[in-house]
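Single-letter residue listing:
There are 2 protein chains.
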Amino acid sequence: MHDFELMRSLHKKNDTKIVLLVMDGLGGLPIEPGGPTELEAANTPNLDRMAAAGTLGQTIPVRRGITPGSGPAHLGLFGYDPVEFEVGRGVLEATGIGMTVSKGHVAVRGNFCTVDAEGKIIDRRAGRIPSDEAIPIVNKLQEIEIEGVDVDVRPVREYRFAAVMSGKGLSANIEDTDPQQTGVAPLPARALDSESEACAGYFNQWITAAREKLQSQPKANALTLRGFSTDPGLPQFPEIFGLRAGCIAVYPMYRGVSKLVGMELIEFEGETPEQEFRVASQRWNDYDFFFIHIKKTDSKGEDGNFEGKVKIIESVDAALPQLMDLNPDVVVVTGDHSTPARLRSHSWHPVPALLWAPETARADAEKTFGERACGRGGLGTIPATTLMPLMMAHANRLDKFGA
Amino acid sequence: MHDFELMRSLHKKNDTKIVLLVMDGLGGLPIEPGGPTELEAANTPNLDRMAAAGTLGQTIPVRRGITPGSGPAHLGLFGYDPVEFEVGRGVLEATGIGMTVSKGHVAVRGNFCTVDAEGKIIDRRAGRIPSDEAIPIVNKLQEIEIEGVDVDVRPVREYRFAAVMSGKGLSANIEDTDPQQTGVAPLPARALDSESEACAGYFNQWITAAREKLQSQPKANALTLRGFSTDPGLPQFPEIFGLRAGCIAVYPMYRGVSKLVGMELIEFEGETPEQEFRVASQRWNDYDFFFIHIKKTDSKGEDGNFEGKVKIIESVDAALPQLMDLNPDVVVVTGDHSTPARLRSHSWHPVPALLWAPETARADAEKTFGERACGRGGLGTIPATTLMPLMMAHANRLDKFGA
Numbered sequence: 016m017h018d019f020e021l022m023r024s025l026h027k028k029n030d031t032k033i034v035l036l037v038m039d040g041l042g043g044l045p046i047e048p049g050g051p052t053e054l055e056a057a058n059t060p061n062l063d064r065m066a067a068a069g070t071l072g073q074t075i076p077v078r079r080g081i082t083p084g085s086g087p088a089h090l091g092l093f094g095y096d097p098v099e100f101e102v103g104r105g106v107l108e109a110t111g112i113g114m115t116v117s118k119g120h121v122a123v124r125g126n127f128c129t130v131d132a133e134g135k136i137i138d139r140r141a142g143r144i145p146s147d148e149a150i151p152i153v154n155k156l157q158e159i160e161i162e163g164v165d166v167d168v169r170p171v172r173e174y175r176f177a178a179v180m181s182g183k184g185l186s187a188n189i190e191d192t193d194p195q196q197t198g199v200a201p202l203p204a205r206a207l208d209s210e211s212e213a214c215a216g217y218f219n220q221w222i223t224a225a226r227e228k229l230q231s232q233p234k235a236n237a238l239t240l241r242g243f244s245t246d247p248g249l250p251q252f253p254e255i256f257g258l259r260a261g262c263i264a265v266y267p268m269y270r271g272v273s274k275l276v277g278m279e280l281i282e283f284e285g286e287t288p289e290q291e292f293r294v295a296s297q298r299w300n301d302y303d304f305f306f307i308h309i310k311k312t313d314s315k316g317e318d319g320n321f322e323g324k325v326k327i328i329e330s331v332d333a334a335l336p337q338l339m340d341l342n343p344d345v346v347v348v349t350g351d352h353s354t355p356a357r358l359r360s361h362s363w364h365p366v367p368a369l370l371w372a373p374e375t376a377r378a379d380a381e382k383t384f385g386e387r388a389c390g391r392g393g394l395g396t397i398p399a400t401t402l403m404p405l406m407m408a409h410a411n412r413l414d415k416f417g418a
Numbered sequence: 016m017h018d019f020e021l022m023r024s025l026h027k028k029n030d031t032k033i034v035l036l037v038m039d040g041l042g043g044l045p046i047e048p049g050g051p052t053e054l055e056a057a058n059t060p061n062l063d064r065m066a067a068a069g070t071l072g073q074t075i076p077v078r079r080g081i082t083p084g085s086g087p088a089h090l091g092l093f094g095y096d097p098v099e100f101e102v103g104r105g106v107l108e109a110t111g112i113g114m115t116v117s118k119g120h121v122a123v124r125g126n127f128c129t130v131d132a133e134g135k136i137i138d139r140r141a142g143r144i145p146s147d148e149a150i151p152i153v154n155k156l157q158e159i160e161i162e163g164v165d166v167d168v169r170p171v172r173e174y175r176f177a178a179v180m181s182g183k184g185l186s187a188n189i190e191d192t193d194p195q196q197t198g199v200a201p202l203p204a205r206a207l208d209s210e211s212e213a214c215a216g217y218f219n220q221w222i223t224a225a226r227e228k229l230q231s232q233p234k235a236n237a238l239t240l241r242g243f244s245t246d247p248g249l250p251q252f253p254e255i256f257g258l259r260a261g262c263i264a265v266y267p268m269y270r271g272v273s274k275l276v277g278m279e280l281i282e283f284e285g286e287t288p289e290q291e292f293r294v295a296s297q298r299w300n301d302y303d304f305f306f307i308h309i310k311k312t313d314s315k316g317e318d319g320n321f322e323g324k325v326k327i328i329e330s331v332d333a334a335l336p337q338l339m340d341l342n343p344d345v346v347v348v349t350g351d352h353s354t355p356a357r358l359r360s361h362s363w364h365p366v367p368a369l370l371w372a373p374e375t376a377r378a379d380a381e382k383t384f385g386e387r388a389c390g391r392g393g394l395g396t397i398p399a400t401t402l403m404p405l406m407m408a409h410a411n412r413l414d415k416f417g418a
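These protein sequence lines map, in sequence, to chains D and X.
Note that the working numbering has the first sequence beginning at 16, numbered continuously upward.
Note that the working numbering has the second sequence beginning at 16, numbered continuously upward.
It cannot be assumed that every hint is accurate.
Identical chains blur together in the list; that is why a pair holds if it fits in one copy or across any two.
To be verified - Here are the simulated DSS-like cross-link-like pairs (lysine-lysine), alpha carbons at most 30 angstroms apart as the crow flies: (1) LYS415 / LYS234; (2) LYS415 / LYS135; (3) LYS32 / LYS155; (4) LYS415 / LYS118.
These are calculated hints, taken from the structure and not from any lab test.
Note that the coordinates shown come from a computational prediction; the quantities given were computed from them, not determined experimentally.
Excised from the complex, chain D in its bound form:
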């Protein structure tokens, strides 16, 4: 029996509230041997109080040694084994900005780039043009018409956009056109199987038309496409777990993966932890489960900014009382993966996790929220996919298995 079947057969109604608070890329590394990680260095009295009362552990996002992208890492937190349930980048990106990717649609992520007179890429991100420069350029691409298909194009952020092609007989097994280096021209869309040849052909027509529209641009005079993909038809989170689930996230990727699993995307203004927690308080009665996503821990990690990451963690901690005043029944605080400032990138290291549930969490000996303490914590080192069943159990939302 698949673990989802177990959940479907055991979940029961309750009025308990669960919060999954994800600080993106939370896990870190010391800068100096023997020194603290970002989370250990941060002054987090509220998280430490929760750590003392709750149970600590470490999660493995995908498999040991595997560095996950954001999409797979979040699927894991939502209970979906990301090796079993693969979702393409194009679908994630498009869904995340509110585009619909239905069965038979093919979504792709686009980057504007700068090419020289010979058509060779000199800047893979078109000088990171700001969003307000990119929007009118995307609007020009929107005008392109290809016979036999519709291509919807929308800006994502800065030099990035998403495109969704709809029509008949489309298939998405197509290689990226991004050569992943400068000094060479963007590649054509190349089908990897015969079913995808028609779709690749349409995309190549579209690319040709797009190059004409872009040629007068000073920076964004060309584009590359990555992550051709279609709706993966994921089993739906509310049905698996019997939870009305709301997503409080700012960035498209996280909203995208939440939508794909069937969570409701909560619309709001702002992006600070206080603002996100306030949204939770405003919508507290509408959902059983809140996924709250904090992006900037990851961004600071990717910038190699140890102190910056520490400060973001501290800002989350400072805002926490507002969330805890709502009297949630179960709170998990964790990351989707590690992004040590020392490495300036996502990594494979286990992710610190804190399970707080005042009625049922079995306290371990650990009193602070940090990597070393989590490594000794009572949850052990567990697959990220097991957090959902644990939260369900602590929320008294699972029946006994067998008599």
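Got chain D sorted already, so can you dock chain X onto it with the hints?
Coordinates of chain X only, in the frame set by chain D:
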């Protein structure tokens, strides 16, 4: 997707060096309740320094509670789930002494034994006759001719030999002829399915001929056969992980399993840790991955010699600087299983493991290499098969999974 597929799709080139240092049967038990294990009793300043800088953990060789033989235990360390990938003892033994076991060949491990006038076994190991007594006896067996097949016989060590039968229509599902007790005669080779009947028949002809050749021997006047098996066709390690892999091991079993997974067997003289580490330094540029096997920790454990095992561990520690001076990027020190001197045998206990990688290992709070510290270590208690992906990650040889 099989985890090997994940490795195949994610591995990338780098010039980093990985060392897997296996002290056979490393895990132990205290002699007195509350006392130290062999590893804890050993004075290991170099390993302790690596433990403080690195991350500790415990590995489960096969499954919790399962005591592994050497073959499965090493397959696990190489990343192969030994329950999924079964390799027969005959194949391991034959491959380990340089014999070729191809598809359709049937290999078997032989023991000389001593039988009385009635043909009943009185010594299952023929008085443990030394290798130089056994070699001429094996040469006699080499003369045997059976119509329809070839049988190649080679000495292994002391009373042990290996035989490989080649011919048409051979199948290896055949019961051991070793009754595993004295006072009874060796059993005939009995096929367990109809496909194996021809092969069992050939082996029984060969046994009859062998008994004639052996009847004048004072000790080795009979034989038993165990582990009938054929080439398992394992996926190849260098291809799965993208590593040029070299095996530095003295004993046939470990060389055998290394060869089966596609490692190169490095030829050398000597068997001390210093000698093995010197080989690594001599061949440092030829490989990305070195498997270095220390046998005597296991032998001392099987002898019930606690102090002897302690001394072997200390001799490895003393030689370690020679290895570390090569500046490897990732070193794992572990065992293939536990062999507590107290039990005088392999056991199912978790195996201490130390992961050292100066750039990326996340130090835990543990400062010494021993069972108790490993049980609290930051790696957690993990399947032995996950060490390979971890080593690959720390050697920066894996791409990100998903975007």
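Going through the hints against the structure:
In the homo-oligomer, the alpha carbons of LYS415 and LYS234 lie at most 30 angstroms apart only across protomers (29 angstroms), although the nearest pairing inside one protomer, at 61 angstroms, exceeds that limit. Taking the closest pair of Cα atoms, LYS415 and LYS135 come within 30 angstroms of each other only across two copies (26 angstroms); inside a single copy the shortest separation is 62 angstroms, beyond that limit. For a Cα distance limit of 30 angstroms, the shortest separation of LYS32 from LYS155 qualifies neither inside one copy, at 46 angstroms, nor across copies, at 51 angstroms. Taking the shortest alpha-carbon separations for LYS415 and LYS118, only the inter-copy value of 27 angstroms comes in at or below 30 angstroms, while the best intra-copy value is 37 angstroms.
The structure fails hint 3 only (numbered hints given earlier).
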